[in-house]
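Each chain, letter by letter, is given below.
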Amino acid sequence: MPAKVGVIRFPGTNCEFDTVEAINGLGGNGEILWHGDSSIGDVDAVIVPGGFAHGDYLRPGAIARFSKIMDAVIEAANDGMPVVGICNGFQVLTEAGLLPGALQKNAGLKFINAPQTLRVETTNSVFTSAAEVGQELSIPINHFEGNYTCSPDTLSELKANDQIVLTYVGNPNGSVGDIAGVCNEARNVVGLMPHPERASHKLLGSEDGNVLMRSLLASIAVSA
Amino acid sequence: MKFNAVLDIQLHPGIADPQGSTIERALPTLGFEGISKVRSGKSIHLEIEAADYAAAEAQLSDVCDKFLTNPVIEGATINLVEAG
Numbered sequence: 001m002p003a004k005v006g007v008i009r010f011p012g013t014n015c016e017f018d019t020v021e022a023i024n025g026l027g028g029n030g031e032i033l034w035h036g037d038s039s040i041g042d043v044d045a046v047i048v049p050g051g052f053a054h055g056d057y058l059r060p061g062a063i064a065r066f067s068k069i070m071d072a073v074i075e076a077a078n079d080g081m082p083v084v085g086i087c088n089g090f091q092v093l094t095e096a097g098l099l100p101g102a103l104q105k106n107a108g109l110k111f112i113n114a115p116q117t118l119r120v121e122t123t124n125s126v127f128t129s130a131a132e133v134g135q136e137l138s139i140p141i142n143h144f145e146g147n148y149t150c151s152p153d154t155l156s157e158l159k160a161n162d163q164i165v166l167t168y169v170g171n172p173n174g175s176v177g178d179i180a181g182v183c184n185e186a187r188n189v190v191g192l193m194p195h196p197e198r199a200s201h202k203l204l205g206s207e208d209g210n211v212l213m214r215s216l217l218a219s220i221a222v223s224a
Numbered sequence: 001m002k003f004n005a006v007l008d009i010q011l012h013p014g015i016a017d018p019q020g021s022t023i024e025r026a027l028p029t030l031g032f033e034g035i036s037k038v039r040s041g042k043s044i045h046l047e048i049e050a051a052d053y054a055a056a057e058a059q060l061s062d063v064c065d066k067f068l069t070n071p072v073i074e075g076a077t078i079n080l081v082e083a084g
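Note that the protein sequences, when read in sequence, are chains D and X. The first sequence stops at residue 224 when you use the working numbering, and every number in between is there. The second sequence stops at residue 84 when you use the working numbering, and every number in between is there.
Same shape as in the complex, but just chain X (with noise of 0.2 angstroms):
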């Protein structure tokens, strides 16, 4: 089966982020007000080819703790959808 999948990365809680917080601060000065807690990471898009949801599920899941993400500062969340 193949699948279409999201891994969204990002910072762990309480880990700063330089680049949220820079966002956030240049919100107001460009007239945007009322946004809060805006935290910046990467999405990262691919096919994956495996026997079922669940395969593909902990492929990815070693994938991404081995590679695309540094599990020290990071995590990955992924959203799956069957490739139609």
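Excised from the complex, chain D in its bound form (with noise of 0.2 angstroms):
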């Protein structure tokens, strides 16, 4: 049985079509799962993918937590289920308390959508274990509310912890301490900015996101 992955659609997600590619494309199973449900149903793992849930109102992710199927995701994720949050999809995590931290506007205000090079930091997450410490990544950006925000306390526990998981190579929004990604102290939920569905094909220009989508995988065949 091929790895289930569950792509949460809330009203405004715009990516859930495209990770549901990259992850079938890499031999997964990618299903739609909506926010108004209650269940998960039997998938192996969650994406909450990029896009503008809830229209972004209030703040990104502020309304799009309270949905229904995020009790759902918060129990599943509390019992050690892959999660992984993409762009919105990181904001809702944080709004949601499943990850250290914030993402305001981006310094200079602009909203970008530009490749970026991306540094692996850790291998030792459900979205990097299949990669390198050090490694140089081609993935795009693509927001205005991408400027990762914590207090000094947060960032010294979240390096004395290992959970920065992806930096920047050259900070493009005014990040601190360049983070481009970070997991939780139990390693299971990611939060990311860029978009690795975007760059999961050659006709993409890059397919550096796919080393993310198959630890993603991995780490489904590993807990199973």
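Derived by calculation from the structure, the hints in this document are not laboratory data. Given the structure is predicted, the values throughout are model-derived calculations rather than measurements. Each statement offered as a hint is correct.
Here are some chain D residues pointing at chain X (derived, C-beta under 10 angstroms):
| no. | residue |
| --- | --- |
| 1 | R59 |
| 2 | Q104 |
| 3 | L109 |
| 4 | N147 |
| 5 | V176 |
If we take Cβ atoms under 8 angstroms as the criterion, some of the chain X residues that face chain D in the derived model are:
| no. | residue |
| --- | --- |
| 6 | I15 |
| 7 | A16 |
| 8 | P18 |
| 9 | Q19 |
| 10 | T22 |
| 11 | F67 |
| 12 | N70 |
| 13 | V72 |
| 14 | I73 |
Even for Gly, the Cβ is constructed at its ideal location relative to N, Cα and C.
Now that you have both chains on their own, put them together as the hints suggest.
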């Protein structure tokens, strides 16, 4: 049985099909989950994809985190299921309290849509286990509110616990510590602003995102 | 009792405010001098029905903590006036 990855669709999500496509291209089985359902069914992992859930009103992720399905996602995450938030999904997971910190407006106040070089900081997470520390990946970013912000205390904890998963080479948005992605202490929840599904085929200009998606599929095989 | 409330939501001191700094940098280019420490936030206006002032304040404080602010980066000041 291929690993089943649930990809949540909120009103305003726009990367769910690209994400499913990227998962399926690597031999996984991507399945769209509806935000209004109270169950995540029999999936082995969950991706909260990019977009503008609920129009990003109030704050990105602030309304989506109260969606019915999020109770099931939080419960599964606390039970150790791999959960990944990409871009808007990262914002949703921070708002839901599954990941530390917050994402605010980019320094420079520009919406940035461009390829970005990233550096893998740890392979001890469900989304980087197949990569190498120090490996550089070219993966696009596409956001206005991707400026990772946390208190100095939280930043020290992230460093001490090896929870910084990906950093930017050439900080595009003002994120503290050049942070592009973090994981929780249990390392099964990962959030990142860059879009690996948009770097999943040579035709898209890069397939560097596949190593991250492969890590997720591998983590399912391990936990199964 | 009915109250009119204005919730003033601001980033915590020390949290970078890209919007505020951009406004601050733009001011001199428009000829406005002597303005500093610009911080931008948002305000939310609403009406609330509650037993008394304290109850209204407590409920709004809860709403701000759980929903209207992200306590990681923001805080809110609650201004309440009894609706006349």
